[in-house]
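Novice: Listed below are the residues making up each chain.
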Amino acid sequence: MQMIYNLKRKKILRFLILLVVTLLLFSALPGAFKVKAREKDETIVLKISNWEEYIDKGDLGEEPTDIGLGIISSKNGLISDFEDWYYETYGKQVVVEYSTFGTNEDLYSQLILGDTFDLVCPSEYMIMKLINENMLQPLSADFFDKSSEYNYYAKGVSPYIKEVFNSHEINGEKWGAYAAGYMWGSIGIVYNPKKVNEEDASTWSILTNPKYARQVTIKDSARESYFPTLAILNKELLLSDAFKNTADYRSKLYALMNDTNPETIRRAEDLLQKIRKNAYSFETDSGKSDMVTGKVVANFQWSGDAVYSMDQAEEDGLYLNYSVPNECSNSWFDGWVMLKSGIDGNVEKQLAAQAFINFISRPDNAIRNMNYIGYTSAIAGGDSDLIFDYVNYCYGAESGETDTIEYPLGYFFNGDNDDEKYTLIALKSQAKRQLFAQYPTKDVIDRSSVMGYFSEEANEQLNQMWVNVRCFNFDQVTKETWVKVVVVCLGIALVITLFANRQSIFRKPKKKGYFREE
Amino acid sequence: MKYRFTRKQLCIPYVAFLILFVILPLLVICYYAFTNGEGRFTISNLTGFFSSQNTIGTLAYSTLIAITTTGVCLLIAYPVAYILAKSKLKKKSVLLTLFIIPMWINFTLRLVALKEVLTMLEGNLAMYPFLNTIIGMTYDFLPFMILPLYTALMKLDDSLLEAAYDLGASKSTVFLKVILPLSTPGIISGITMVFLPAMTNYVILDMMYNSTYIMGSLIGSYFNAYDWNSGSMIAIVLLAIIFVITWASNGFQEEKSNRGALL
Chain A
1 MQMIYNLKRK KILRFLILLV VTLLLFSALP GAFKVKAREK DETIVLKISN WEEYIDKGDL
61 GEEPTDIGLG IISSKNGLIS DFEDWYYETY GKQVVVEYST FGTNEDLYSQ LILGDTFDLV
121 CPSEYMIMKL INENMLQPLS ADFFDKSSEY NYYAKGVSPY IKEVFNSHEI NGEKWGAYAA
181 GYMWGSIGIV YNPKKVNEED ASTWSILTNP KYARQVTIKD SARESYFPTL AILNKELLLS
241 DAFKNTADYR SKLYALMNDT NPETIRRAED LLQKIRKNAY SFETDSGKSD MVTGKVVANF
301 QWSGDAVYSM DQAEEDGLYL NYSVPNECSN SWFDGWVMLK SGIDGNVEKQ LAAQAFINFI
361 SRPDNAIRNM NYIGYTSAIA GGDSDLIFDY VNYCYGAESG ETDTIEYPLG YFFNGDNDDE
421 KYTLIALKSQ AKRQLFAQYP TKDVIDRSSV MGYFSEEANE QLNQMWVNVR CFNFDQVTKE
481 TWVKVVVVCL GIALVITLFA NRQSIFRKPK KKGYFREE
Chain B
1 MKYRFTRKQL CIPYVAFLIL FVILPLLVIC YYAFTNGEGR FTISNLTGFF SSQNTIGTLA
61 YSTLIAITTT GVCLLIAYPV AYILAKSKLK KKSVLLTLFI IPMWINFTLR LVALKEVLTM
121 LEGNLAMYPF LNTIIGMTYD FLPFMILPLY TALMKLDDSL LEAAYDLGAS KSTVFLKVIL
181 PLSTPGIISG ITMVFLPAMT NYVILDMMYN STYIMGSLIG SYFNAYDWNS GSMIAIVLLA
241 IIFVITWASN GFQEEKSNRG ALL
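Just so you know, the protein sequences line up as chains A and B, in that order. Read left to right, the first sequence gives residues 1 to 518 (the working numbering). Read left to right, the second sequence gives residues 1 to 263 (the working numbering).
Next up, chain A with everything else stripped away, as it sits in the complex:
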């Protein structure tokens, strides 16, 4: 019996070993083939990481959709289109491994924890941090060669974006040497014109305005909320003509809006406490729907989300406006950068990465993205007028409409704001609505400042400020509240003791002796 058992066991063991070996072989074989195939065709694998919902994925409908001017949003989306285009143009197979991130900080932790990407799309301050930490691969010289047919970025980028990317430096390195602009915008206030007058919405002080107590929202992030707080703190200076007319207004504005002096942070903390008492909520996403459903009347918002809110509200017959406060605004830029860790000296890979930037910068593809995402592309189109035509198609007034204005956009399209060619004839209302949010006027651009990358120390202080603002603190409790709390506690204690000893307190003591009932 024992022997038979052993025999069977051996058989089972042998069977198991065989099974495992076959399984291993089967799982390893396709991999081996793949490796061989790859070596043969030299397929390039491009790892790209981007914000969520930040590229045309082609899922607008079952069929390819015409989004105006005959531009077709194909069913496959831009990434798949890029793979095909690259093969047709350069004769090489490229496979894009696409992933997404939620915040700049998430992306940074991914990089620190060892994930490798070839091409990523962070915001300007994270680009500055990455340049500073020497993690980025510079764009090659032929990327900027305008004579090449396929260099759509160099040919098409807006002169305004180019100026910003070349005038901002960190450690003597220009952003433009590392980053290619993708989307950009401003921050401002979406408001309901029936509930809020325009004057109130034209200043950041609306956040502390008691008239709109608990009806305005602010962003749930130390960085985003610090900017308007600084603007309110420096309101008088920012609005004074003397300051606006100083020769180095722009650099002074930048210094003011990037002030991380401990004393300034302390003052900002006090102000944020006030804002918090006046605000409806600290939000990152809920503000849009709360604005549309009418729970709040004003909403501190990024320009792209403002467009989204206005579009959504319009469907319900509610017309919202967008304003950029008179003090100043934060202009932000998302750009494509290549990572040293991913590219790793591989020239083929770098070419493919740069080709990807060029492909999505082709005017028709930039329009597909704008249509899908709702933000504003950094591409003006260069020789092609397609993008201006698209803006005109979206926001231009129909012939015969009377209530129109001239809306100059030359600063963005060719650098000359007086150019008639790039002056849009739009409905008057659009100057406060989607058009204004998507393409702000020149004066908004002039009073906009970038918010740069803060030092570790300043970041720590900002985070501490934020925790101080958000935490419950015993110092905030007034004496009255303390008295109330003590009274309530004593009351509860009294009731419990009375209840526990009710027998001895309330019951009448029995009289001693025997009494006859009468």
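Some hints here could point you the wrong way.
Computed Cβ-Cβ distance ranges for the label pairs, DEER-style [claimed, not checked]:
#, chain 1, residue 1, chain 2, residue 2, range
1, B, T246, A, Q93, 54 to 60 Å
2, A, G452, B, A60, 35 to 41 Å
3, A, Q503, B, F243, 37 to 43 Å
4, B, V28, A, D344, 26 to 32 Å
5, A, T284, B, Y165, 57 to 63 Å
6, B, F243, A, Q464, 43 to 49 Å
7, A, T478, B, L26, 37 to 43 Å
8, B, A60, A, D259, 33 to 39 Å
9, B, V22, A, T284, 28 to 34 Å
Listed below are the simulated DSS-like cross-link pairs for lysine-lysine, each with C-alpha atoms no more than 27 Å apart in a straight line [to be verified]:
#, chain 1, residue 1, chain 2, residue 2
10, A, K194, B, K115
11, B, K115, A, K211
12, A, K274, B, K90
13, B, K115, A, K195
14, B, K115, A, K277
15, A, K219, B, K115
If you are wondering where the hints come from, they were derived from the structure by calculation, not from laboratory data. Backbone N, C-alpha and C define an ideal beta-carbon position, used for all residues, glycine too.
With chain A's structure known, arrange chain B on it following the hints.
Specialist: Chain B alone, transformed into the frame defined by chain A:
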């Protein structure tokens, strides 16, 4: 003869699960809690926890929210569970299901709906952040209180109640001396199931527009600022609090049952 798995072999998946998803993460948290940014041993995170106004204030606020939520849940759930357990209704299970059905819907969805209802009732939600938080939490955690109470009260032997009445006890005495003590295990497990999540569930606070941090959101804010060490320490302290509460309540239960056995 069939090959049989021995008990040890059957345990392997469970042990692997325990090590991978319970012990290892705990060790990682402990490592971070007792080291500084450079990875050197320190107890400054611990002292920092108890010397910071923010963490103490947040602990107090979370505890207040948790106690209030548990209290309200208990007050609502006890009568409901008692009625459900003792009613002579034939379709008792239908009634119970009605109370549990909300649990089958994702809680964030339910909160979105609740938000609309409260906006209709209150006008501006942001005026009453504390009240709304308690309402939201009660709404979410009520089934966790009802179920253990219901099971405890179902097990309650009716003959005990009859005996108490026979011996002349009034209704209130029967409740205080018989029903309440016998349902303590249910009350305790209900409290542990509501109190602990109520201390850390910051999603409800966020959704009800309460801008004050509770413990969960404080940990999140430290992690967002890459301060893994202080965040882990808060998690460890919370774990210790939870451990003490569970241990104390278990002790309480054992004491009760011992006394019962002696009688």
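Novice: Now tell me, hint by hint, if it's right for this structure.
Specialist: Hint-by-hint comparison with the structure:
1. T246 of chain B and Q93 of chain A have their C-beta atoms about 58 Å apart, which keeps the hinted 54 to 60 Å range intact.
2. Range check, G452 of chain A to A60 of chain B: Cβ separation about 38 Å, and the 35 to 41 Å hint holds.
3. Distance hint check: the CB atoms of Q503 of chain A and F243 of chain B are about 38 Å apart, consistent with the given range 37 to 43 Å.
4. Between V28 of chain B and D344 of chain A the CB atoms are about 30 Å apart, so this pair conforms to the stated range of 26 to 32 Å.
5. The supplied range of 57 to 63 Å is met by T284 of chain A and Y165 of chain B, whose beta-carbon atoms lie about 59 Å from each other.
6. Between F243 of chain B and Q464 of chain A the CB atoms are about 30 Å apart, so this pair departs from the stated range of 43 to 49 Å.
7. Here the CB-CB span from T478 of chain A to L26 of chain B is close to 41 Å, well matched to the stated 37 to 43 Å.
8. For the hinted restraint 33 to 39 Å between A60 of chain B and D259 of chain A, the CB-CB distance of approximately 34 Å keeps it satisfied.
9. A hinted range of 28 to 34 Å for the beta carbons of V22 of chain B and T284 of chain A is consistent with their spacing of about 32 Å.
10. For the hint linking K194 of chain A to K115 of chain B, the alpha-carbon distance of about 24 Å falls within 27 Å, and the restraint holds.
11. Between K115 of chain B and K211 of chain A the alpha-carbon distance is near 24 Å, which keeps this suggested pair within the 27 Å criterion.
12. As the CA atoms of K274 of chain A and K90 of chain B are separated by approximately 58 Å, the hinted pair breaks the 27 Å bound.
13. A hinted pair counts as satisfied when its Cα atoms are at most 27 Å apart, and K115 of chain B with K195 of chain A qualifies at roughly 22 Å.
14. Between the alpha carbons of K115 of chain B and K277 of chain A the distance comes to roughly 20 Å, so the proposed pair stays at or under 27 Å and holds.
15. Our distance criterion of 27 Å between C-alpha atoms is met by K219 of chain A and K115 of chain B, whose separation comes to about 20 Å.
Comparing the model with each earlier hint shows violations of hints 6, 12; every other hint is respected.
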